[in-house]
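Q: Chain by chain, the residues:
Protein chains: 2
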Amino acid sequence: MSADEEKPSLPVSFEQLAELEDDFEQVDLELTRVQDKLTKDLYVKREKIIADIPHFWNSVFEVAPEEFEHAFKETDGELLLALKNLFVTRFDLPNGDPRSFSIKWEFEENPFFEDSVLEKKFIYRQSTKGDVSGLVSEPVKIHWKPGKDLTNGLTDLVLKVHAEEKAGKADEETDAKKELKKKIEDTPLGDLSFFTWFAFRGPRITEEEHKESLKKEEEKRQLRKAGKPVEDDEMEEDEDEDDLFDKAYEYEPYPAADDQALCIAEDIWPDAIKLYLQSQEDDILSEFDDLDDDEDEEMEEDDKAEPASKKRKA
Amino acid sequence: MSADEEKPSLPVSFEQLAELEDDFEQVDLELTRVQDKLTKDLYVKREKIIADIPHFWNSVFEVAPEEFEHAFKETDGELLLALKNLFVTRFDLPNGDPRSFSIKWEFEENPFFEDSVLEKKFIYRQSTKGDVSGLVSEPVKIHWKPGKDLTNGLTDLVLKVHAEEKAGKADEETDAKKELKKKIEDTPLGDLSFFTWFAFRGPRITEEEHKESLKKEEEKRQLRKAGKPVEDDEMEEDEDEDDLFDKAYEYEPYPAADDQALCIAEDIWPDAIKLYLQSQEDDILSEFDDLDDDEDEEMEEDDKAEPASKKRKA
Numbered sequence: 001m002s003a004d005e006e007k008p009s010l011p012v013s014f015e016q017l018a019e020l021e022d023d024f025e026q027v028d029l030e031l032t033r034v035q036d037k038l039t040k041d042l043y044v045k046r047e048k049i050i051a052d053i054p055h056f057w058n059s060v061f062e063v064a065p066e067e068f069e070h071a072f073k074e075t076d077g078e079l080l081l082a083l084k085n086l087f088v089t090r091f092d093l094p095n096g097d098p099r100s101f102s103i104k105w106e107f108e109e110n111p112f113f114e115d116s117v118l119e120k121k122f123i124y125r126q127s128t129k130g131d132v133s134g135l136v137s138e139p140v141k142i143h144w145k146p147g148k149d150l151t152n153g154l155t156d157l158v159l160k161v162h163a164e165e166k167a168g169k170a171d172e173e174t175d176a177k178k179e180l181k182k183k184i185e186d187t188p189l190g191d192l193s194f195f196t197w198f199a200f201r202g203p204r205i206t207e208e209e210h211k212e213s214l215k216k217e218e219e220k221r222q223l224r225k226a227g228k229p230v231e232d233d234e235m236e237e238d239e240d241e242d243d244l245f246d247k248a249y250e251y252e253p254y255p256a257a258d259d260q261a262l263c264i265a266e267d268i269w270p271d272a273i274k275l276y277l278q279s280q281e282d283d284i285l286s287e288f289d290d291l292d293d294d295e296d297e298e299m300e301e302d303d304k305a306e307p308a309s310k311k312r313k314a
Numbered sequence: 001m002s003a004d005e006e007k008p009s010l011p012v013s014f015e016q017l018a019e020l021e022d023d024f025e026q027v028d029l030e031l032t033r034v035q036d037k038l039t040k041d042l043y044v045k046r047e048k049i050i051a052d053i054p055h056f057w058n059s060v061f062e063v064a065p066e067e068f069e070h071a072f073k074e075t076d077g078e079l080l081l082a083l084k085n086l087f088v089t090r091f092d093l094p095n096g097d098p099r100s101f102s103i104k105w106e107f108e109e110n111p112f113f114e115d116s117v118l119e120k121k122f123i124y125r126q127s128t129k130g131d132v133s134g135l136v137s138e139p140v141k142i143h144w145k146p147g148k149d150l151t152n153g154l155t156d157l158v159l160k161v162h163a164e165e166k167a168g169k170a171d172e173e174t175d176a177k178k179e180l181k182k183k184i185e186d187t188p189l190g191d192l193s194f195f196t197w198f199a200f201r202g203p204r205i206t207e208e209e210h211k212e213s214l215k216k217e218e219e220k221r222q223l224r225k226a227g228k229p230v231e232d233d234e235m236e237e238d239e240d241e242d243d244l245f246d247k248a249y250e251y252e253p254y255p256a257a258d259d260q261a262l263c264i265a266e267d268i269w270p271d272a273i274k275l276y277l278q279s280q281e282d283d284i285l286s287e288f289d290d291l292d293d294d295e296d297e298e299m300e301e302d303d304k305a306e307p308a309s310k311k312r313k314a
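As you go down the protein sequences, you meet chains A and B in turn.
Mapping of the first sequence onto the UniProt record's numbering: position 37 corresponds to residue 37, and the numbering continues sequentially without gaps.
Mapping of the second sequence onto the UniProt record's numbering: position 101 corresponds to residue 101, and the numbering continues sequentially without gaps.
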């Protein structure tokens, strides 16, 4: 295919496309609201059923999408075996923003930490500086047992820096900040525990700025609907956006956390049963592989097993 | 991660999981209905805006998902430049099945065929033989200009076989069938025109069988809801399913058509603007590449160009 012969400059205005995209986004938000309403009870029903399946969520994470490739280190895996339950809630619904959600992790007694529940909230915020948005989160305190901190002090350090910033030292180069920065630099990716995920903070967009941005957005929307010109601040945005994220990521030991959180909320959570059945099929297939290596082993074991799910054609 | 120490056989019944999956599927269908209702007017509005953009759909297909990799041959590309408009409709809504849809292709005058509109319907059907479903379609007649048939007679042959089957010769090994089978075998994948897509028929599931299957499904649903045992015909299904698709694919020159149709309906159609903007960015980037090779060319052209879309963080 080649359309290069006559390369058109865009013959419709960006305003028209922006308005259209905005319309579609509003519909998407509405659909998430409807979906939340229609599935709420089903997820509670599911929770009861999978409570009887040992290591359900651990198996699900074994076949999770690529966002979780290499995410779990060996000791993380031991800890994940103690994961009893996981629950995603769009806590701001029915009236608030469908883009905010929380992920609640319930653990059995385990050798690593004292907590039985770790809940992390991801709050959707958009900046007044252009078309920039992100998930903002408070770092979650993990009560590690002595000598068992898989994050090697990273989660506690982030909490310390966070507390300092809240106490008005956001622009100060404190000792804790220096230590955190050095620890981040010194930690090889291969040694970074998944549980550092709980320390994620995201871009520093305050609730105030978010509300101001929503207001600005709504004003633009009204201007567009009235056919009036809308001021285009696309150029300055780029720098501000980079700045916003760079500043946050300087003290962020686990910058992939928001993408992984979205992956849990949008893929793993709704598809959990399918993923679990897939993990069981994978186990059966690898058992067959083992069998090939050792033909003397009895076959009854495998004959009982049967592919759990059937892929539909459409 | 390793949960292999104690591999559990499934401690909950397949019935429970099947019921749950069925519940979620019903919600998905309902969501498609709501989505259709909420987006209907927006797609009409979009159609009007993109009508002013030359080669819009051609550009979209240039960055289409992997389902369309290698789908378009060089001459297909020439023909695609004449593609004026594309429209997806879930024609069975609001009251019917949201899984059925049609794709309407509108063409300008072109050297290849006389048609200005080619519309292909994909009808969701499920079989009574187990958990098997698919998209069924009638082959679409393309009025090729003399010597211009890009499919080398394949679309016409499928139409002939289809007409014979309708005339009661479904189990006969006719000359047309033999010829079609041989032509399919003799056509290298690299020579197969995308326009053979219009000949796709899918599994031979009649409307009658589909309705019977829906009835059976509803009966099972009621039994499950009443807590009664549901007959499990999982074993026999496997063979029947293979049989159903093998039989159809024997005379199917373009078996990927249903996956591509789904890709259009679920990805390309809703994301068309994003894909178009992405194709324009790609063009700009490749212009920069050209520029690197030839530093003497004037730069004004590129300075005007600016990335069209901004990827949001969340």
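Calculated directly from the structure, the hints in this document are not laboratory data.
All values reported here derive from a predicted model rather than from experimental measurement.
Among these hints, one or two may not hold up.
No copy labels: a pair is met if it fits in one copy or bridges any two.
Stated by the list, open to error - List of simulated lysine-lysine pairs, DSSO-like, C-alpha gap at most 30 Å:
no., residue 1, residue 2
1, Lys37, Lys274
2, Lys216, Lys37
3, Lys225, Lys48
4, Lys40, Lys166
5, Lys84, Lys211
6, Lys225, Lys166
7, Lys84, Lys169
8, Lys216, Lys45
9, Lys215, Lys37
Q: For every hint, state whether the structure bears it out.
A: Going through the hints against the structure:
Within a single copy, Lys37 and Lys274 get their C-alpha atoms as close as 21 Å, and across copies as close as 28 Å, so both meet the 30 Å cut-off. Taking the shortest alpha-carbon separations for Lys216 and Lys37, both the intra-copy value of 29 Å and the inter-copy value of 29 Å come in at or below 30 Å. When the C-alpha separation of Lys225 and Lys48 is checked against a cutoff of 30 Å, the pair qualifies only between copies, where the shortest distance is 16 Å, while the shortest distance within a copy is 48 Å. Taking identical chains as interchangeable, the C-alpha atoms of Lys40 and Lys166 are never at most 30 Å apart, the minima being 35 Å within one chain and 47 Å between chains.
Taking identical chains as interchangeable, the C-alpha atoms of Lys84 and Lys211 are never at most 30 Å apart, the minima being 37 Å within one chain and 42 Å between chains. For a Cα distance limit of 30 Å, the shortest separation of Lys225 from Lys166 qualifies neither inside one copy, at 40 Å, nor across copies, at 53 Å. Proximity of Lys84 to Lys169 under the C-alpha cut-off of 30 Å is found in neither arrangement, the shortest distances being 39 Å within a copy and 59 Å between copies. Taking CA atoms no more than 30 Å apart as the test, Lys216 paired with Lys45 passes between copies only; the shortest distance there is 24 Å, against 41 Å inside one copy.
Taking identical chains as interchangeable, the C-alpha atoms of Lys215 and Lys37 lie at most 30 Å apart whether they share a chain (27 Å) or sit on different chains (28 Å).
Comparing the model with each numbered hint stated earlier shows that hints 4, 5, 6 and 7 do not hold.
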